[in-house]
Amino acid sequence: MVIRICVGTGGVGKTTVATAVALNLARQGRRTLVLTIDPAKRLRTLLGLEAGPGEHKVRLGGAPPDLWAAQLDVEYTLAQAVRQYGDPGQIDSVLEHPIFHVLISSLAGMEELMAIEYMDQAIRKGFEAIVVDTAPSRHAFEFLDKPEFFADLVSFPLVKLVGRSYRIWAASPLGRLGRRSLELYSRLEDLIGAHVVSQVLDFYSLFRTIAEGYAERARTTVERLRHAGECGFIVVTIPSKAEQDSSFFRKELTKRRFPIEKVVVNRCWPSLPEPLEVHSDLEREALTWCRDVASTQQRLLSELENRLEGQGIAAVLLPELASPPVGLDGVDRLAGELRNDDDEP
Amino acid sequence: MSVKLVVFCGKGGVGKSTLAIGASLALAEAGRRVLVVSSHPIRELALSLSLAGLEEWNRAAASGLYVVHIDPLRVLASIVRKGVHPGRLAELLLSSRIYRSFVEIVPALKEFAFLWKLQELATEPRANQSHPFELLLWDAPATGHFLETLKAAVNFEQFFVGPLADQGAAISAFLRTAVLQILPVCVPEEMSVDETLELVESLRRLHLKPSGFLCNMVSPLLSQQQELQPFPESWGDLGIFIGQHACEERHQYGRLRESRIGSVMQVQRVNREEPNLDFLLRIADQLRNTGLAEMLEE
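Read top to bottom, the protein sequences are chains A and B. Heads up: the first sequence begins at 0 in numbering that gives the first Met the number 0, then just goes up one per residue. Heads up: the second sequence begins at 0 in numbering that gives the first Met the number 0, then just goes up one per residue.
Where hints are given, some of them may not hold.
Unchecked claim - Okay, the calculated beta carbon distance ranges per label pair: (1) A:Ser-322 with B:Leu-93: 49 to 59 Å; (2) B:Val-178 with A:Ala-227: 26 to 36 Å; (3) A:Arg-332 with B:Gln-228: 35 to 45 Å; (4) B:Ala-292 with A:Glu-222: 52 to 62 Å; (5) A:Thr-219 with B:Asp-277: 23 to 33 Å; (6) B:Asp-277 with A:Lys-124: 16 to 26 Å.
As the list claims (entries may be wrong) - Going by beta-carbon spacing under 7 Å, a handful of chain A positions derived as facing chain B: (7) Arg-266; (8) Pro-269; (9) Glu-284; (10) Cys-289; (11) Val-315; (12) Leu-316; (13) Leu-317; (14) Ala-321; (15) Pro-323; (16) Gly-326; (17) Gly-329; (18) Asn-339.
What the hints assert, rightly or not - Chain A regions said to be covered by chain B (calculated; three or more residues, Cβ under 8 Å): (19) 4-10; (20) 270-276; (21) 290-304.
Think of the hints as simulated: they come from the structure by calculation, not from any bench. Predicted, not measured: the structure shown is a model, and the values here were computed from it. C-beta: ideal position from N, C-alpha, C; glycine also.
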């Protein structure tokens, strides 16, 4: 199993880099999936895929590598998990519950939980390599932290207890009495409305088996991402953010014991050969502007390369393309630059 | 005078924070009292630290400019502290597992808390009684999360009953009636423009419409009226690169204009090694020239 996770802030080309990495892995003969969590439809545009949940085969000329692409669909993944792991008698109650609708219609925070679930589903489907293109999320590591947090949460004795017994308890006269006597609980009810509290508890009592199963799978999958032999994180950045991003992600990944494979600096401008003949003001302006961008970048990048070398982290510089790559040909050019020396063709 | 809420939204990495802070500088220099509100993780806020030195440079501007970072968990805690008495009980509740689990498991609660605080800041500016803010600039999260945040209010109103639903209704009403100006930020690239036009559609479904677009990181070639000629052959690949870049830029800028949503304001890429006050002032200068201030005065 090979797992590569591309992390980085928004707009740096994570999807493109993830696809190029996946293409390299597929060419080595692995059944490969590139999964994007990013709600932007970049992956589909890039590979010309059809809309819809699930994996789509990427079509290539010549001897086609086994490359598949999927865009995370939260509603689909969650419903899939409910159907697969829920108590058969309760599936409909869960899918029709008002809280379930809040979950899937607001979706806030659900991508992070479902990404790990989707990875687990993909491993079960027999993929040998998975490349994940993470969302430029509110907090870069929510998609790794949240499942672990969720797993902790469902194992709290109180949540377990409420999950198991809430429906019976709430219906009993003793339950009503007991709830009143629980001062904190009733304060929470006063504050946000009794109905909300009971709806949430009611939902989680139904959702319990699914949640507990999810928590267990999520723990295993996240733990898997800590095995350096199997998994590597790729930090994707651009020259102007490279310094800040690489030190931030290095610190956060190390703290969580996740292995870094390399730092990819995307969109590096070409260097300027000197001198160049200039015939018009427009040309002069173009050249000054371009020189300004390129030389600022070069100063930043040479400092970065020195620093990363000292830390034993590989750095790969990818060129800026005048327009974003479309189709696999565009990706192919970048894939070549990303290939490791020890990779077999 | 009513407070105006200006929203800087758009794809990740297009410069929303930079332009929000740049705009706040331009407005503060013109004597307006401005508050920039963001919900980004602290790291992103490093940019606002670049404002250090503003006081020496322009005391008047510094006195009218505030930047706040809203942490939803702290907002929720303050709501609890306000609603639960005595204080020790509130602290007990806040440190209890019931509360902590609840805050994490109610979907979109944090986004909801953010909007709550935003509404509070917009409708009861109490930070400085004698000088209330005239303009609130919301440095919004990236598109997907921004839309989720907007929907959180409607969802709370629809799916819940009780105090949270009432608050949801109040926030939705505020968003509908506030003097709201939405300014999507984008860069002149296909993906960014695609996403911006999709955002316009999503906003329309929420009965909202952008006031105009901010096209960031453009080259000086974009404002040249003359037709582009091929660059000299001796420039080699570089000439091809610049030429393609300039064409692509014109094309994408044209798509924004053709959407006829509002004016498309250009901001040129400012090269920098580190964001500092000088960098922000250069952005502010450009924004002044785009007519942004006049647009916000309307």
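- Outcome for the supplied range 49 to 59 Å, where the beta carbon pair is A:Ser-322 and B:Leu-93: Given a distance of about 52 Å, which is inside 49 to 59 Å, the answer is holds.
- Stated coverage of the region 4-10 of chain A by chain B [criterion: 3+ residues, CB within 8 Å]: holds (count 3)
- Query: B:Ala-292 and A:Glu-222, beta-carbon distance inside 52 to 62 Å?
  - Reply: holds, 54 Å
- Restraint satisfaction for A:Cys-289 [CB to CB of chain B, less than 7 Å]: Result: holds, 6 Å to nearest chain B Cβ.
- Are there at least three residues in the region 290-304 of chain A whose beta carbon sits under 8 Å from a beta carbon of chain B? Holds, because 5 residues of the region 290-304 of chain A bring their Cβ atoms closer than 8 Å to Cβ atoms of chain B.
- Task: Answer holds if the nearest beta-carbon of chain B is closer than 7 Å to that of A:Pro-269; otherwise answer violated.
- Result: holds, 6 Å
- Hint check, A:Gly-329 versus chain B [nearest Cβ-Cβ separation less than 7 Å]: Cβ of A:Gly-329 sits 12 Å from chain B, so the hint is violated.
- Message: Min Cβ distance, A:Arg-266 to chain B: is it shorter than 7 Å?
- Response: violated, 10 Å
- Message: Take the shortest C-beta to C-beta distance between A:Ala-321 and chain B; is it under 7 Å?
- Response: holds, 3 Å
- Against chain B, with CB atoms and a cut of 7 Å, does the hint on A:Leu-317 hold up? Violated, about 14 Å.
- Message: Quick check on the hint: A:Glu-284 CB to chain B CB, less than 7 Å?
- Response: holds, 5 Å
- Item | A:Gly-326 as chain B interface residue, shortest Cβ-Cβ below 7 Å | Result: violated, 13 Å to nearest chain B Cβ.
The structure fails to meet hints 2, 3, 5, 6, 7, 11, 12, 13, 16, 17 and 18 from the earlier list, while all remaining hints are met.
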